[in-house]
Amino acid sequence: MKERRQTRYDTRALPRRTALHAAIALILFGCIPVVVRGVAANAYTIGIVRLAVATFGLFTLMALRGELRRVPPRDLLRLAVIGLLFFGHWLTLFLGIKASSASIGAIGLSTYGAHLLILGAIAGARVRMTDILAVTTAIAGALLVVPSFDATAIGMILSTVSALLYASLPLLHQRWSHIDTRTRALGQFSFAFLFFLFFLPKAEWELGARDWAGLLFLAVGVTLIGHSLWVSVTTRLTPSATSILYYANIPIAILLSTLALDERLTLRTGLGAALIIGAGVLGLISRRASARESPASPPGA
Numbered sequence: 001m002k003e004r005r006q007t008r009y010d011t012r013a014l015p016r017r018t019a020l021h022a023a024i025a026l027i028l029f030g031c032i033p034v035v036v037r038g039v040a041a042n043a044y045t046i047g048i049v050r051l052a053v054a055t056f057g058l059f060t061l062m063a064l065r066g067e068l069r070r071v072p073p074r075d076l077l078r079l080a081v082i083g084l085l086f087f088g089h090w091l092t093l094f095l096g097i098k099a100s101s102a103s104i105g106a107i108g109l110s111t112y113g114a115h116l117l118i119l120g121a122i123a124g125a126r127v128r129m130t131d132i133l134a135v136t137t138a139i140a141g142a143l144l145v146v147p148s149f150d151a152t153a154i155g156m157i158l159s160t161v162s163a164l165l166y167a168s169l170p171l172l173h174q175r176w177s178h179i180d181t182r183t184r185a186l187g188q189f190s191f192a193f194l195f196f197l198f199f200l201p202k203a204e205w206e207l208g209a210r211d212w213a214g215l216l217f218l219a220v221g222v223t224l225i226g227h228s229l230w231v232s233v234t235t236r237l238t239p240s241a242t243s244i245l246y247y248a249n250i251p252i253a254i255l256l257s258t259l260a261l262d263e264r265l266t267l268r269t270g271l272g273a274a275l276i277i278g279a280g281v282l283g284l285i286s287r288r289a290s291a292r293e294s295p296a297s298p299p300g301a
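The numbering of the sequence shown is our numbering, which starts it at 1 and goes up by one.
There may be inaccurate statements among the hints.
[Unchecked claim] Derived Cβ-Cβ restraints for the label pairs, each shown as a range: (1) L265 to R210: 21 to 29 Å; (2) L171 to L143: 39 to 47 Å; (3) I154 to F199: 17 to 25 Å; (4) I154 to L255: 40 to 48 Å; (5) I27 to R128: 13 to 21 Å; (6) W212 to T130: 43 to 51 Å.
In case anyone wonders, no lab produced these hints; they're calculated from the structure. Glycine included, every Cβ here is placed at the ideal spot set by N, Cα and C.
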């Protein structure tokens, strides 16, 4: 009975403890583009280290709790598909940040909401006028951010592809929800780790102490601690509420990139980012009003 009460969504004002967990998690998530841009490690090294720690940590936790289960071959293939998409999401995001800047990577990732609307429509969800308005606004914001084809455009394209891949994950997690949540998370991390290992020869390991500290922060601080706190938040609030709340990490990332990396944020870029974030929030609010609540977003931003 106690466990059932803990997984019930809290529809009242945001509880103080949940608000604290959300704030810490969002600040940690906002650090991701800044650290990825700031360390000398390339995208392959970052992915391998983060996923090695995440896979080992979650596997150990599940083993201690006796939650490891044998997975049928068909479900194993489904987990491989989820892992492949997550691998693509991380790789394109890291490459996009390295090609341009931390703020551009964060802005490109914020197109997640528009992609979710488009994929939902393809899957058969009813298209509303607010959905069309949200997607159109997101496109306008992206055009503002990228006025010409340069390094910024390459970073924006890669991080937008990352957002598209990330938006596809909730749909698959919902479709294959018969697989236990932690098993899906472990499959997502472990298969993504295996795909990253194909690029092991391209990884860079001659790094300084500052670079290793950054990788350790991403692996432990963000992946293990940050996502553990975020799971706590998503179990107490509705999925649409947490999806909207998640957007708060985008301005945090932009602010941190300005302070820590001296990245210059122009008025044009700021306006484009505001349009994209606003479009995502509008689309999520529209979905909240028109559809039944679905499972929370998968772990691993």
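Has the hinted range 39 to 47 Å been met by the Cβ atoms of L171 and L143? violated, 27 Å
Take the C-beta atom of I154 and the C-beta atom of L255, compute their distance, and say whether it sits inside 40 to 48 Å. violated, 24 Å
Between W212 and T130, does the C-beta distance stay in 43 to 51 Å? holds, 46 Å
Determine whether the Cβ-Cβ distance between I27 and R128 falls within the hinted range of 13 to 21 Å. violated, 33 Å
With respect to the beta-carbon atoms only, verify the hint that I154 and F199 lie 17 to 25 Å apart. Holds, since I154 and F199 (Cβ atoms, about 19 Å apart) stay within the stated range.
Range hint 21 to 29 Å: satisfied by the CB atoms of L265 and R210? Hint holds: Cβ distance 24 Å, inside 21 to 29 Å.
The structure fails to meet hints 2, 4 and 5 from the earlier list, while all remaining hints are met.
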